[in-house]
Amino acid sequence: MPAVTPTLALIIFAAGAVAGSTGALLGLGGGIFLVPFLNLGLGFPIAMAAAISLTTVIATSSSVTAGKAGMNLMNFRLGMLLEVATAAGSVLGGITAQFVAQTTLQRLFAFVTAAVALITIARSKQRNVITDPGVDPGRLGGRLFDVETGATVVYRIKRLPLAVVVSFIAGNVSSLLGIGGGFMKVPVLNAWCGMPLRAAAATSAFMIGVTATGGAIIYYGNGQLQPVAAASAILGVQAGSWLGLRASPNIPVRVLKLLLAAVLGSISVLMLTRGG
Amino acid sequence: MKSSDTRFEILIGRVLRTGVVTSIVCLAIGLPLSLAGPTPGAGVRLLNIGILFLIATPAARVVLSTIEYILERDWPFAVLTSIVLIELIIGAVAALVFHRKI
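Chains as they are written, first to last, in this note's numbering: chain A, 287 to 562; chain B, 88 to 189.
Quick caveat, the hints were computed from the structure, so don't treat them as lab data.
We put the CB at the ideal spot given by N, CA and C, even for glycine.
Possibly wrong hints are sitting among the right ones.
Said to hold, decoys possible - Ranges of calculated distance between the beta carbons of each label pair, as one might list FRET restraints:
#1 A/289 x B/139: 15 to 25 Å
#2 A/541 x B/162: 22 to 32 Å
#3 B/183 x A/548: 39 to 49 Å
#4 A/529 x B/93: 26 to 36 Å
#5 B/132 x A/448: 39 to 49 Å
#6 B/101 x A/437: 29 to 39 Å
#7 A/425 x B/105: 22 to 32 Å
#8 B/101 x A/529: 33 to 43 Å
#9 A/528 x B/119: 12 to 22 Å
#10 A/542 x B/183: 37 to 47 Å
My request is simple: use the sequences and hints to build the entire structure.
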């Protein structure tokens, strides 16, 4: 592990900014980009890279949730229920991470990165809305204002057990690799569980804060969180995502998706070949 | 969703924002101090405080949600959010156990 000099802190800050802005543009957390940079680029062991990245995920999740709270997109009840599974997963993942070899984690990272690339590119936008606002959304469904039709719509949750299982797995992956895990939850909630895309994304955004906390607590207690590096990364990611959100409307979606595929593909290959 | 839901959501939003802002301020001040200041130790302590604030923020949100559901007498969800809290506490305990072993 490299000693954190002022120069290194600046480099980490810059990396955080890139991760944050790319994440904001592409709708991902920055973890997918930050962990490989810290691990492969700067020589941090995966556990320390994951620890740093998880703290940035907490910061991003908390600021996004704070910004959107009260906007009626977040399904807190469903989120709380799924958090039972995801928190369990993240604590378990954090503990497991202490015993799993570097190379195994790197291969897992390569696999997950490739999966993210495929999922994001093939993302189908299921509408999942019931146009009669009088329909009962049930305990876990929701009502929201659909900008596209200008009316209040309802959605109901289907296949809850599937969502629970995926949340548990996402929690594990989040702690093991230091990423948010939203990329698993959002497509599943949207494609198979009946949530409109924006509601799924908003709900996932607030859930990953708790997920990341579970893992972060374990790494922090185990002394694997380097405070100077973490602080640089957190500040960088915050700055980057602020910039990214401003630039976002000016860049065509097609370009973003191609960029994402290229970057994630490279990361996947690097993790497989240069790991260990 | 009931109107009480929205009131609590706004409160949660405020708590989250306070947590993040406090944390970031601690980090932003602590970072230069720990790297180039006269007392790097104080800087690192400030960084640790900032990080603790950050980690505590989602946990605080879970606590607030538990209180919300208890006040609304929504027992199933009060239990669910309590379980999440217990899971995080288990994580903290596991972390302390690890710490002792080093």
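Hint check results:
1. A/289 x B/139: 15 to 25 Å: With Cβ atoms ~23 Å apart, the hint holds.
2. A/541 x B/162: 22 to 32 Å: Since the Cβ atoms of residue 541 of chain A and residue 162 of chain B sit about 50 Å apart, the hinted range of 22 to 32 Å is violated.
3. B/183 x A/548: 39 to 49 Å: Holds, at about 43 Å.
4. A/529 x B/93: 26 to 36 Å: Holds, at about 31 Å.
5. B/132 x A/448: 39 to 49 Å: The hint (39 to 49 Å, Cβ to Cβ) holds, given that residue 132 of chain B and residue 448 of chain A are roughly 45 Å apart.
6. B/101 x A/437: 29 to 39 Å: 30 Å, holds
7. A/425 x B/105: 22 to 32 Å: 31 Å, holds
8. B/101 x A/529: 33 to 43 Å: This hint is violated: roughly 25 Å between Cβ atoms.
9. A/528 x B/119: 12 to 22 Å: With a Cβ separation near 20 Å, residue 528 of chain A and residue 119 of chain B satisfy 12 to 22 Å, so the hint holds.
10. A/542 x B/183: 37 to 47 Å: 43 Å, holds
Checked against the numbered hints given earlier, this structure breaks hints 2, 8; the rest are met.
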